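Engineer: Spelled out, the chains give:
Number of protein chains: 8
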Amino acid sequence: MTKTTLLELLAAVQSGSLTPAAATERLANLPYEDLGHARIDHHRALRTGLPEVIYAQKKSPQQTAEIFTRMAAAGSDVLATRVDEATAKAILAAVPAAIFHPQARAVALRQTTHQSRGHIAILSAGTSDQAIAEEAAITAELFNTTVTRLYDVGVAGLHRLLSVRDQLASANAIIVCAGMEGALPSVVGGLVGVPVIAVPTSVGYGASFDGAAALLGMLNSCSPNVTVVNIDNGFGAAYTAVLIARAAAGGI
Amino acid sequence: MTKTTLLELLAAVQSGSLTPAAATERLANLPYEDLGHARIDHHRALRTGLPEVIYAQKKSPQQTAEIFTRMAAAGSDVLATRVDEATAKAILAAVPAAIFHPQARAVALRQTTHQSRGHIAILSAGTSDQAIAEEAAITAELFNTTVTRLYDVGVAGLHRLLSVRDQLASANAIIVCAGMEGALPSVVGGLVGVPVIAVPTSVGYGASFDGAAALLGMLNSCSPNVTVVNIDNGFGAAYTAVLIARAAAGGI
Amino acid sequence: MTKTTLLELLAAVQSGSLTPAAATERLANLPYEDLGHARIDHHRALRTGLPEVIYAQKKSPQQTAEIFTRMAAAGSDVLATRVDEATAKAILAAVPAAIFHPQARAVALRQTTHQSRGHIAILSAGTSDQAIAEEAAITAELFNTTVTRLYDVGVAGLHRLLSVRDQLASANAIIVCAGMEGALPSVVGGLVGVPVIAVPTSVGYGASFDGAAALLGMLNSCSPNVTVVNIDNGFGAAYTAVLIARAAAGGI
Amino acid sequence: MTKTTLLELLAAVQSGSLTPAAATERLANLPYEDLGHARIDHHRALRTGLPEVIYAQKKSPQQTAEIFTRMAAAGSDVLATRVDEATAKAILAAVPAAIFHPQARAVALRQTTHQSRGHIAILSAGTSDQAIAEEAAITAELFNTTVTRLYDVGVAGLHRLLSVRDQLASANAIIVCAGMEGALPSVVGGLVGVPVIAVPTSVGYGASFDGAAALLGMLNSCSPNVTVVNIDNGFGAAYTAVLIARAAAGGI
Amino acid sequence: MTKTTLLELLAAVQSGSLTPAAATERLANLPYEDLGHARIDHHRALRTGLPEVIYAQKKSPQQTAEIFTRMAAAGSDVLATRVDEATAKAILAAVPAAIFHPQARAVALRQTTHQSRGHIAILSAGTSDQAIAEEAAITAELFNTTVTRLYDVGVAGLHRLLSVRDQLASANAIIVCAGMEGALPSVVGGLVGVPVIAVPTSVGYGASFDGAAALLGMLNSCSPNVTVVNIDNGFGAAYTAVLIARAAAGGI
Amino acid sequence: MTKTTLLELLAAVQSGSLTPAAATERLANLPYEDLGHARIDHHRALRTGLPEVIYAQKKSPQQTAEIFTRMAAAGSDVLATRVDEATAKAILAAVPAAIFHPQARAVALRQTTHQSRGHIAILSAGTSDQAIAEEAAITAELFNTTVTRLYDVGVAGLHRLLSVRDQLASANAIIVCAGMEGALPSVVGGLVGVPVIAVPTSVGYGASFDGAAALLGMLNSCSPNVTVVNIDNGFGAAYTAVLIARAAAGGI
Amino acid sequence: MTKTTLLELLAAVQSGSLTPAAATERLANLPYEDLGHARIDHHRALRTGLPEVIYAQKKSPQQTAEIFTRMAAAGSDVLATRVDEATAKAILAAVPAAIFHPQARAVALRQTTHQSRGHIAILSAGTSDQAIAEEAAITAELFNTTVTRLYDVGVAGLHRLLSVRDQLASANAIIVCAGMEGALPSVVGGLVGVPVIAVPTSVGYGASFDGAAALLGMLNSCSPNVTVVNIDNGFGAAYTAVLIARAAAGGI
Amino acid sequence: MTKTTLLELLAAVQSGSLTPAAATERLANLPYEDLGHARIDHHRALRTGLPEVIYAQKKSPQQTAEIFTRMAAAGSDVLATRVDEATAKAILAAVPAAIFHPQARAVALRQTTHQSRGHIAILSAGTSDQAIAEEAAITAELFNTTVTRLYDVGVAGLHRLLSVRDQLASANAIIVCAGMEGALPSVVGGLVGVPVIAVPTSVGYGASFDGAAALLGMLNSCSPNVTVVNIDNGFGAAYTAVLIARAAAGGI
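The listed protein sequences correspond, in order, to chains A, B, C, D, E, F, G and H. Just so we're aligned, residue 0 is where the first sequence starts under numbering that gives the first Met the number 0, counting upward by one. Just so we're aligned, residue 0 is where the second sequence starts under numbering that gives the first Met the number 0, counting upward by one. Just so we're aligned, residue 0 is where the third sequence starts under numbering that gives the first Met the number 0, counting upward by one. Just so we're aligned, residue 0 is where the fourth sequence starts under numbering that gives the first Met the number 0, counting upward by one. Just so we're aligned, residue 0 is where the fifth sequence starts under numbering that gives the first Met the number 0, counting upward by one. Just so we're aligned, residue 0 is where the sixth sequence starts under numbering that gives the first Met the number 0, counting upward by one. Just so we're aligned, residue 0 is where the seventh sequence starts under numbering that gives the first Met the number 0, counting upward by one. Just so we're aligned, residue 0 is where the eighth sequence starts under numbering that gives the first Met the number 0, counting upward by one.
It is worth saying that the hints were derived from the structure and are not from the lab. Because the structure is a prediction, the values reported are computed rather than measured. One thing to keep in mind: the hints can contain errors.
Stated by the list, open to error - Quick list of in silico lysine to aspartate or glutamate cross-link-like pairs, EDC-like style, CA-CA up to 20 Å:
#1 K57(A) x D33(A)
#2 K57(D) x D83(B)
#3 K57(H) x D83(G)
#4 K57(A) x D83(C)
#5 K57(B) x E32(H)
#6 K57(D) x E84(D)
#7 K57(B) x E84(H)
#8 K57(D) x E84(B)
#9 K57(H) x D209(G)
#10 K57(B) x E7(H)
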């Protein structure tokens, strides 16, 4: 439930098209809807500006599909991440309008129409980091932010990065996905004047320790405009980038 | 050298108060000034919006003081972090107008006057986290951002946090400093709709491993608007928070 | 063998319904029964108040089923944890009265009837933590403790937790299962005056390191009434919670 | 402020010895008192049964002394842990009735008189663990719990432990402090039917990694009645042990 | 090639049954036989008292079978460890007299007949540790040492260990296999006057970190007669235990 | 594109066999060719002396095959590492002249003919390290360096290493692949006067932690001519060894 | 109390020189003597063959001196390890016959006279490891074992080790102290047929992680006759080496 | 003893200026000279091309000075690293011609005169890394290699690095010292065609873990011409760089 849908609900009451009793019942679902195994936080958008997103890992396909269905029924855009094939199938069976993005392992449902607000760039150091970059891109686009994808611009061939420098300049925030040594955020951070959100990926030889090396590298960035999210957490990076882009584009 | 001082320089050339030769000489110092042991990045502000800051750790007092002096001579505001007593003394001997903040271990010199742009809140979980919170606060204030300090609002006494909820609502970005389990950013992140920058501090019993526990906690935050900086890195958190606040306040 | 069954045995001797020779033989099984690969600690209940429980991991289905059968033959309630499909099948073939709880990966056999003593609450931060929470619940219920399940009450939506606060108040001990940053035990700990037993779960993105982040978070809890068990060890948490609930309900 | 002092306050209002205005003022300090650097949680005892305790590490002596003084002024018993010489001096200068326990690094002030409720045993594996065991003992005694100290009963000389077995039997909860391999809690856990709270200590050769080895050992205990607190956290162990002992002794 | 077979070879030369040329050729194989992918150290037994053993992990079945065959051809007893089903099949196809021990994942070939020398005991803390204990037992028996197996004698039920104390007393060396907290070697070490070789096993809940917790526990043993081998390395423990038992039994 | 092919291109322009327009188009592909998911760095050889190599891990077979095809089309030798069966199939379908080396998990395509320059030796400690050693060997040979393979010369049978000492003496650089304790590079380093490049492999029992133990051992080598690459990174070791061998053989 | 002194005591009773009452009193001190902070295990020698040794770290000088004095009073040889200057002073003030070995940080008191039994060699990889090697040597000598010291024979100059090979051959057990990569035990293990006890030392550059690298290296030794003790634990290595040497020399 | 001095010695014998007996005595010192605590490897230069260097850490000033003196007496150039003030004083008292470089913590003695052979560049990311860079520079210069120092060229201000690109082009090998995220070697590696030796430094905020983050970053470099040495090991980097530069300059 967004501020807009809340205002519409209250306007409907004012205009008489919704009885106070019916409105009450709908609002009574707040602060959350209890499914037994999950409590859906419908008014999260009201409180934090963006809707709750379903993290499907270690949930059963049935649990995820049920939560997805309830959130879809509330009329908002819905996103599920870390979705495997079985879970995607279960969601699409229940909500046919949803779209599965297999590389990004995400299922998205768009039900609202909003103007895009703000602009972010998403970089990947190598082709191997693309799945995480796409998770970020799908998330940001569902949240109505314009995304410029700049993939395979790692630091071992610096000219690739320097040739897209102009495209960096126009972004309100930049997401950088990199595995191995995770050096790209530092270099990007030194080139721009906007926040850089670094996403370590679990790409690399043995001593990458499944992304821990990149994570440590990014936390130690000598560029002070770099902040970091969890390994392979493209979703989280997009979430914060969207908030910054919206702020830069004016208002929540 | 900020965009403003660059414009003033070019205007001075236009108006004839500065000869092209003299302007050239000043610009020739770009892209950096080489002290042998350090290359000062004077045009960083031009490129990234905020001036370079001196990280004094493992530099000798003489090295730090020399870099500070050169940056001061360029007319900008100057900040040195991780300053011990001996280094502070060396800086203040060379630049008496600078001010030493012992709790924050920072030396700041204000030479410009700007309107404050944007507003951030800085929270600490406990009194023991205050030194890091102050490093963030001193940094943000030198960068012309309004700071609300909310200290000792840790999650074990939730009413303390809930009672300052209104003060959170007006901030463009929020910095949360916490040691031990580092839980505060997640709770704050669930209450607000702006980016939360989490700073793990090296406060806690043995298994805090000098802040690693808090760091891991914050990286794993279930609130998606949380990004993380290095342990005890109040400066870095402030840097990004200032960029966000400026964007929200309109323009760089 | 519980204290009660021991008293019954001795009473049977006194009353003549059991010959001293037969009683001796039964007691001779103490202190343990040797199966070659395992030594069953039948008098553990006598010594510690609760019967031994079978940890099935890395045991063959045959080994687990054999131990289960012997313990069942001794007349006590029996519990096996970390049971996979093959092992469950082997146990149920041997002891048809046993019940398999697939989500909790546990097989339980109830043979005694006791009044429930004491009351605990079991919380999970998210739906993904439910398997571990259920392992705890099944264990506590077999040990005759009343369980209130409160699932998906994580700290990112604090109102969900605050709305169940009354249900926390009546528990003698509280188990909190959480992955990711593991912050929920600290928040719960600050709200109640009973021991909180924290169970880190292996839920989360890469830098959760399979539950290590949550474990560290919980060990560093700023709420002093929090103690911690191993990652995903719902059984151990239940065991201690049951002991506390029994003590609070009066006597062992 | 404990429940008792609250009841006394209200009784004083009822009896007329305290004006409603004065009572209001005292209650108005709730939920906390803001010192700028710290927010004292005076009604914590009301909420959780035991008063807040001051963790002095990384606080300045002045900060700790000020918090101690305010809490003393509220009439309750006060405890500060992790107190160094300078801080102890500062506290005692402000509150001469307080007592410094140098081995336990704690300062305690007793202002109330209560009957002792419940009984715990505190074991140490070696003489080198004694400082942490004493922190636990001082804490529990200030919280009105009877303490039996059983020091230097480590597993390499099992007869030392077995000879105190009777003293274990009467405790409502047992705290076990051990460094090195941290094996003692498992052995004790197998002997008793009450909760065992394990405190890893930072005692040992290099690969103890400052207590991490003992911590891991205790978390992996094969005795299911063992829960664990942070390295060297005698205070936290005592806090939970006291709650259990009180429950066993009847009522909060 | 053992000392004995070398003496036989030289005696054969002396007696004329072997020509010096033929003897030279056989000795020329020393110091090793080069298979391209492997260099078999035939005279290892001569140098170190026990023959080389094949570590099959990450070798192809063909490579392992070829090495096994060559070593068998040299007339000595042969042992391969970490043998999976496919590799066992390949070995037995080539050397039908060899025996596969599936629980121990070992293939052994006995070709010599020696009197057993010395006596060791092998303990396991739980049934789950049995595979590793059996790897040790198979190894020691092939090396002509008498083995007493004492399984499932973990510290949580101390009476099980104490009841086999007499059997410990007669061993020249003791191997203790334990996962979880790895406490058993310390307790055993305190009861006996012979070397205890501790083998951590990868048995346990999440924070056992695949045996690292047990490993650290054993390295930190407070019993000074405990030394440690790698996680799940039953073979290595047996090797050293055999050397000690032989020394105690007199001579190499 | 190597320096040689660049010179040929310019010579072709000079001689009239290539129009300036055509040459321009070919050079215009520089600095890289953008496939959307990848930016191929064709002029890397020009800049660094050796062509870019495809790291196939976490790339789809289609992505790897497409990059391989484009690089083959540019006329240079092409190498892909970390190639699984499916990817090898996809590459060979597109570029039938390429050769798959299954043990080394590499696909190589030779299109140029160059004199071999320089000589390296590649050692493995055991047969289990051979896959990594072969990755290094295939790489070096494609880069026109002579390779001497010396496998299974680990330190537990020192005579095996000492017997190949002469073969070490003639190499310009030495690669040493070893798992377990990773001791071989130190011993080799003490015997020779050329750089030793150490490759830790993920071979060993539990506490090898998938090669981390060998990695740490090699980083701590007491032989100062040892430098280290990532775990199982035979390719990287070969790359640097080739550069050294070329330098020693005269010029780049 | 050793077996010998026990026999003497009983003989004294038999001969009438000691009254049964007096003998009883002395034996009554068994199993241990309780000093409050410590329980001295006087009959440890009876049980395990060697007397208890005092680990002085984290004990106060007074505590250590008191324990030392009591053990000295019992007539046995006494050893304290990890002794700093202040503690040494306190011991020597109480027991002037004791001798302080500053490099080994040990205080030893010899009161018995025994024939030396068995022979061990102690190797150090470098001069920097000497303090730990000396702790082992002092321990073994007090326990009546002959020690051959072979220092600075690290693997980077293999000829140094090979030149002392004869001295290795006569030892019943070998202790190898090494920091950095900890490779020496593997090389030594391949040369000899007796147990090698490896002691990692905290010597090395940053990534030695205070001895953890050497520890891991030794645990992963490819020589199967290597077992390992804790970092810098020369005492523990000596203890086990002495037991082996005694066994080899015939009897306990 | 270098090859040259060996040739001179033999020539002296040939010419009669040295008696065979005297020559024998001097050669008899080979393979090493035994000081009791150290065995000096005088013929290391003969075997490996460069003389042994003294690692002074954990050696006493007396031990280091004695080793230094003996090596000086042999006529070669001598270097001691990790030298503190007291050790420097002890060396200079014994060998007044030696020079102490306090920033590099090294003492060097030059006794030979050789032409410089080869050329390396040494880069540091920041001023704080300078001590380690200087250790490398002092080492390389003593070994007769030309050094270009390029300090404070970290990736956050890329133009600083790009402006020295020409100076990189002429080096035979490049050493890159960097702390924090350790990204500089990857960027440099992508710009040049010679080996890059990466030295992680212990510079950075908490999660640098004393250089471990930089170390991991460098091991995971996406530039394949990067190899890595231990944290803060400027000496080791220089040693290998010198070997490469000599090879490139022609011959050992």
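Engineer: If a hint holds in the structure, say so; if it does not, say that too.
Structural biologist: Against the structure, the hints:
1. K57(A) x D33(A): holds (19 Å)
2. K57(D) x D83(B): Distance ~17 Å between K57(D) and D83(B) Cα, so the pair holds.
3. K57(H) x D83(G): holds (17 Å)
4. K57(A) x D83(C): Within the cut-off at roughly 17 Å; holds.
5. K57(B) x E32(H): violated (39 Å)
6. K57(D) x E84(D): The hint holds at about 14 Å.
7. K57(B) x E84(H): Since the Cα atoms of K57(B) and E84(H) sit roughly 18 Å apart, the hinted pair holds (cutoff 20 Å).
8. K57(D) x E84(B): holds (18 Å)
9. K57(H) x D209(G): holds (12 Å)
10. K57(B) x E7(H): violated (47 Å)
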